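**Student:** With chain A fixed as given, assemble chain B onto it according to the hints.
Top line first, the protein sequences correspond to chains A and B. One point on numbering: in this note's numbering, the residue at position 72 of the first sequence is 79, and numbering is uninterrupted. One point on numbering: in this note's numbering, the residue at position 145 of the second sequence is 152, and numbering is uninterrupted.
Please note that the accuracy of each hint is not assured.
Copies of the same chain look alike in the list, so a pair counts if it fits in one copy or across any two.
Said to hold, decoys possible - Taking lysine to aspartate or glutamate pairs in the EDC-like style, the calculated list, with each CA pair at most 20 Å apart, reads:
| no. | residue 1 | residue 2 |
| --- | --- | --- |
| 1 | Lys92 | Glu230 |
| 2 | Lys102 | Asp114 |
| 3 | Lys102 | Asp157 |
| 4 | Lys160 | Glu211 |
| 5 | Lys91 | Glu230 |
| 6 | Lys152 | Asp114 |
| 7 | Lys225 | Asp70 |
| 8 | Lys101 | Asp210 |
| 9 | Lys160 | Asp56 |
| 10 | Lys152 | Asp210 |
| 11 | Lys152 | Glu40 |
FYI, nobody ran anything at the bench for these hints, they're computed from the structure. What you are looking at is a predicted structure, and each value in this text was computed from that prediction instead of being measured.
Protein chains: 2
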Amino acid sequence: MYDMMSGIGAHEVIIETPDHNRKLRDAEFDEIELMLRAYQERTQDLFQDPRLRYILVFKNVGDQAGASLYHPHSQLIATPVTPKKVQEELKGAKKYWEQKERCVYCDIIRQEMDAGLRIVDENEAFVSFCPYASRFPFEMWILPKRHSPDFCKIRAEEIPPLARALRTVMRKLGSSLGNPQFNYILHTGPARFARTGYWQTIDEDYHWHIEIIPRLTKIAGFEWGTSFYINPTPPEEAAAYMAEREYTREREA
Amino acid sequence: MYDMMSGIGAHEVIIETPDHNRKLRDAEFDEIELMLRAYQERTQDLFQDPRLRYILVFKNVGDQAGASLYHPHSQLIATPVTPKKVQEELKGAKKYWEQKERCVYCDIIRQEMDAGLRIVDENEAFVSFCPYASRFPFEMWILPKRHSPDFCKIRAEEIPPLARALRTVMRKLGSSLGNPQFNYILHTGPARFARTGYWQTIDEDYHWHIEIIPRLTKIAGFEWGTSFYINPTPPEEAAAYMAEREYTREREA
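Okay, chain A solo, but in the shape it has when bound (with noise of 0.2 Å):
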């Protein structure tokens, strides 16, 4: 109950291009796998110093999604112990590797390359799609079709199709919907260390990802008193509209 948190984190910003008002969706290529680049180098960076337990590399659009900096950046926090909703994660992930023996989210990607329903990008080495049990209406989550638990793990070859990913689902977000105001946070494995629990079996069960959350409906008393959501755009619905604008697009284009 009385347990002393040291004081010890880090926090950076990381600055994504020199032009104020371009959007990530209208970036070239080579910036985005800077800026990835970027992501991976620090983590790796401070993942050096024994006492950070988890870095969050995150990115707020618009007021709304809580950003305070209008020009184009990502932030990363470094923490000195699990957060709660990380140790969430991997404790459902152990789970359900000791039920299936698999990981849930190769599990995950091959039944929704199977079903086809919710499918909004694919490439040679990520798929992205808006998740069966989507939270949030336009919800979307892009995963690595590599079993990998940590993104500062990503091979350099990953990086310039992860960098088309994240435009192409961008891109699709934005000219659907007017570029909503969002927030995306990759999901990767904590520092480890020779513990019992969910440290133990990471690598086989924890599977590194991206999750955008579009900011299209507000939290309210019954989502804070609950953890339960209230979505009411069907993911299928979700990812057929982003195929159908993009498909008048290109059409009209």
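**Tutor:** Only chain B this time, still in chain A's reference frame:
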């Protein structure tokens, strides 16, 4: 992983007044008492249905707080499961009780009244304060002095002091910060079943209360990714600011 959840529930809207523009801070005490009795009576009635496991009473004020109706109202949502966030709170209370053999909320009341620094209001039956670990600026909790896990078992003589506590808190918040948007959520025990786990000890370890969350800051990527909160206003400063503003207002009156 694949539990089915039955499609059972209830959603009720409690209209607080015929006056479309009247805020809760401006209500007469007897109106607030009627509202609180409606919370109690509807909860008692719905709990007769054994399929309902939890009844959440809450209020959203302002579009940022998720309100979709302007007319003063509260809401009640009954669910066929105990919500995730409620389970977490119940488990936390149980864990404290296992260590101390005391209710954590009774201990918080004692500690807050001893410290005095974060108290916003006190009457014969209720204490209102900005909690020590406030997640949000000007967050406030109203706790009954009498240990009781269930709001729906509130005694008739406790309704008038709760109405006074609620109006005082609403007035202090409203006059200090210019009627900010907010949510409040009634935290109370779930339906009881003869089960293992946190259900067994709720009578001893849980304590109903109201949590008031002013919507002054935004939930951004860091909060979504961690379930941690960044609060720029210490609770002592929030309580002092509300006390000072009230003192100034009384002197000017």
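**Student:** Under the constraints set out in the numbered hints, which ones does this structure not fulfil?
**Tutor:** none
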